[in-house]
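**Student:** Here are the chains, one letter per residue:
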Amino acid sequence: MAGADFSADLLTEAGEHLGVIEPILVASETAAVSRADVDVLFRAFHSIKGLARVAGIASLEQVTHLAEACLYPVRNGTRDLTPDVIDALLRLVDAIRSAQATGDLTSFAEPDGLSTQLEALSVSGPTQAASLEASVPASRDALGLEPDMGRAFAELLAELLSELSEALSDRDEAALHEAADVLAHAARKTGLAGLERCARFLAQAALDQAAPILSGIVAQARTLEALTGTETGWAEVSMSLGLESDAGTSLDLASDTALPAALISRLAYWKVSPLHLPAVAGAALERFSSDPAARLAEVVLPMPEPEALGPLVTALPGLVASRSLTVDGRPHLALLVAVTSADMPEGLEAAGQGTALPGIDLVNGPDLSAWSVTWLDGTTAPAHFGDAPAPSRMAAVEETQVRVPVEVLDRLFGRIGSFFTLGSRLNVLASESRSGEALRRLYDYASSRAPEMLPEVEALMADRRDFLTLEAEVSHFISLIHEATLGLRVIPFENIIARFPRMVREAARELGKSVRFEQSAGTIKIDKGMADMLLDPLMHMIRNSIDHGIEAPEARAAAGKPATARLSLTAEQHGNRLVLTVSDDGRGIDIARVGEKAVAQRLASVEDLARMSDAEIARFIFTPGFSTRSEASTVSGRGVGMDVVLVNVTRLGGRIDIETEAGKGTTFRLDMPLSAAIRPMLLADTGRQTIGFPETMVAETAVFPAASVQSVNGQPSLLLRGRFLPLFDICELMRLPAPEDDAGADLSVVICSWKGRRVGFRTRRILRRAELLIRETHLRVAELPGVGGISILGADRIVLVLDPDKLFDLAARAVNRGLRSAGNPRP
Amino acid sequence: MATHEDSTQHDADDWHLTLVSDDAGLALSIRALLLADPQARVTVTGSADVLTGLRSLTADVVLIDADSVTDIARLVGSAVLIQPAPVAVIGLHVSADLRTSDLCRSRGASLVHPKACGTADIALAGPEGEALLSALQRLARDPARRMPLARPPVETTHGRS
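So the sequences go chain by chain: A and B. To get our numbering, take the position in the first sequence, counting from 1, and add 36. To get our numbering, take the position in the second sequence, counting from 1, and add 115.
Because the hints were derived from the structure by calculation, they are not lab data. On a predicted model such as this, the values are computed, not experimentally measured, just so you know. Just to be clear, a hint being listed does not mean it is correct.
Said to hold, decoys possible - So the derived label-pair ranges between C-beta atoms look like this:
id, chain 1, residue 1, chain 2, residue 2, range
1, A, Gly-699, B, Thr-167, 37 to 45 Å
2, A, Arg-207, B, Asp-129, 50 to 58 Å
3, B, Pro-153, A, Gly-558, 51 to 59 Å
4, A, Asp-244, B, Asp-129, 48 to 56 Å
Said to hold, decoys possible - A short list of chain A residues far from chain B (calculated; beta carbon distances all over 10 Å):
id, residue
5, Ala-188
6, Trp-306
7, Ala-317
8, Ser-360
9, Arg-476
10, Met-489
11, Ser-550
12, Pro-589
13, Thr-659
14, Arg-724
Every residue gets a Cβ at the ideal spot worked out from N, C-alpha and C, and that includes glycine.
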């Protein structure tokens, strides 16, 4: 198990390094690479080399060393990061990714000739005349030692530790001193002066004093082993000497101070753990419990002279924390101070911006212009620190973070989903059970005819009330658990699209096009499942843009456009929605050609096309198997992809809009809820099937007498607040089995509004509002007319979840076909 | 190598502290602390230069600013191996009741001191600093205390527990 964990850690770590390397390499093709980026590349390859060494993958260690060799002159500024170097390094990245994909890094196979290529590149730089050996010093380890030297010393240390331990247990002072002398000499030669000093102490120590000194050497051996990866045998010696071993490095944090939440969040800016307050901070914050009027102030001042600091510390009231800060490029000191009424008897409550604090004039004299005092009340953001530091930057939090494999989270989510389903069943029992009505009738009966039974009936009614209360509480807690766990599976959107620049580069090269790809995702995080569903669609769209949308450089030049096309992918969060935009400045969608193809494939008639807008015609590209290309390229054009885009986005509860203009380009806008798994619905019954109307499309519900249906130009309609509302029977529209004849019954109508259109859908019964977990939907189900997904209600009742776009399209087509649905008498 | 040394005249009783820190505020606090001892000198070196700095500088005490476990793991063990001077640690979460304190000692630190008020810990310039100053002076002047031990009798310093 430990081996499996280790292997998984290696894979994860390698993946993280590749995730750093690839974007820099790809970006460096079109923009000058910074020194900092080259350093990052160098370190990342170096880290992979270290991983390879630890895992014993000699070929990977060797080839990553050569990658370092290529980068060394770039790092020194003696050569550029040229395309041939980038190509070679990307080949290496690909090979490592291939090994990673197998789940076993030891399966790494060096691509043919890569070592030779890298070796040649490392010595053939424009100003690089020196040999490889001369240009690239063997990579040093964390102690700054040559790898061979560190390893050799660690091996010697292992032998000497064993001798020292044996000498001590045999009480052989001469042997102890001799071994210690050898160790001191070797440590000096290696440049480990600290270890040398310890060894010299030991070489002169009496036997009775030797054990604690040896324990210090053992501690250093442990460090050396960690840094060089070579066993030193410290653990065995430690055990034989009876030394304590570390129980681990996790923090035992505890707090006996209850701090207001606002203060706790404030402390994050100051890197102070609220779980373990430092001495001064703890005492200062306790002032809040003694004085409810106490206030926090943030003071920022230019870094004072050391001589001024002592008087300031003595005079300032309630110092909580202090930290360095750079303001306008100059070092400043920031102080967090808890001030009580006693500190400022002249009026703490009235203190505002610029109000002086006791003691601040000790540093800069009475001139307060150099100071900045901000009173922090409630949740006021600190004035100078920008975003709060990521919690992981705090040591305490770093130590409490754990890596959890996605499959574990998937299992957890699966169980939470089951829990949600159970809650849903409970909700059905509570809201749709007839026991309430039965009990009322029983109560009436008992009141009038069997009064002796009343206590029992009342007890049953009380049980039912308790059950309803319990159900409400369970529902509430399920919602809370859902909210709390939603955050567990989220990953940065940036991670998902990190591979796109590389893909664009490859596709553009293959098709002989020049593309500048821009992407921006900010700090958006999305659910892992959602990311999995979006990855392929986005790749398809981007490939399609390069293949179909973007012209060859000559064609662009002829059209008066820059030879390099622009392709962008942006992700934005609008409230609780994720909006992805894929945009290019290519030729735009050939609407005439799409229309011709649609007619040829009998997707629409010429008359239909005449009534449709360009955007509507463009949507035919989402039809399965639709392609205007007669030949497929290796990049796209098989008609596979855009339909998957629509299906996946629909499954996620989203929609796609297309904007296209001939010669100017195309923009796809994907708009979907950030949290798609559980969505609020209005449930309605068709008599045979339960339907879920997403709340986003429901405007209102109403019950009309059957006689209120009127025909407007042949379209059944209802007069609602002075305006006619087109009415459709949901069963006929969706081709669902019709219920038994209910002619003359009142009409239960769900009035929906979507993209400026307002339509009524007739159901047989409007049930209630519910939050439904949308199940993974089979492609076939997603293709049902008007359906976006399914959910399960209660134990086994299937709910068809409607898709607003598809439903309104169905309604529009029904109008076009002259369908008369809702008002027609049934046979 | 980014180091800065106070230029004061010194004699045989002077002692020299090398602070490994990237925090200008903490450097200020340590300078203010050492004002109380006219025989103390301080050199500040950045953590990125710690290997070069500690190999080339002679010090009587090395004080490492380690606010996180990562800092401790990265800096303390290396410093103990390559510096003959005793190594002390000052950090945010290293009070005696925490295992990070054990971690520092297991890496060979001779003194572990928790910061009293944030990363810059300006409280060192006031009475709170006296305990650290005394401990550093003892380390610098008492050869017996300079021995890095896995479980040394650690100086008792403040810290909320």
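**Student:** Each hint: holds or not?
**Tutor:** Okay, the hints, checked on the actual structure:
1. At about 60 Å, the beta-carbon gap between Gly-699 (chain A) and Thr-167 (chain B) misses the expected band of 37 to 45 Å.
2. Checked against the given bound of 50 to 58 Å, the beta carbons of Arg-207 (chain A) and Asp-129 (chain B), roughly 42 Å apart, lie outside it.
3. Distance hint check: the CB atoms of Pro-153 (chain B) and Gly-558 (chain A) are about 54 Å apart, consistent with the given range 51 to 59 Å.
4. Checked against the given bound of 48 to 56 Å, the beta carbons of Asp-244 (chain A) and Asp-129 (chain B), roughly 34 Å apart, lie outside it.
5. Under the 10 Å C-beta cut-off, the non-interface status given to Ala-188 (chain A) relative to chain B holds; the minimum distance is some 15 Å.
6. Its closest Cβ contact with chain B, about 5 Å, brings Trp-306 (chain A) to no more than 10 Å, contrary to its assignment away from the interface.
7. Not every CB of chain B lies more than 10 Å from the CB of Ala-317 (chain A), the least distance being 5 Å, so the non-interface label is violated.
8. The claim that Ser-360 (chain A) lies off the interface is violated: its Cβ sits roughly 4 Å from the closest Cβ of chain B, which falls inside the 10 Å cut-off.
9. The Cβ of Arg-476 (chain A) sits about 62 Å from the closest Cβ of chain B, beyond the 10 Å cut-off, so the non-interface label holds.
10. Distance check for Met-489 (chain A) against chain B: the nearest CB is about 65 Å away, which clears 10 Å, and the non-interface claim stands.
11. For Ser-550 (chain A), the non-interface assignment is confirmed: its Cβ lies about 40 Å from the closest Cβ of chain B, beyond the 10 Å cut-off.
12. The claim that Pro-589 (chain A) is not at the interface with chain B holds, since no C-beta of that chain comes within 10 Å of its own (minimum 45 Å).
13. Against chain B, the non-interface label of Thr-659 (chain A) holds: every CB pair exceeds 10 Å, the least being about 54 Å.
14. Non-interface call for Arg-724 (chain A) relative to chain B: holds, since the shortest CB-CB distance, roughly 62 Å, exceeds 10 Å.
The structure shown violates the earlier hints numbered 1, 2, 4, 6, 7, 8.
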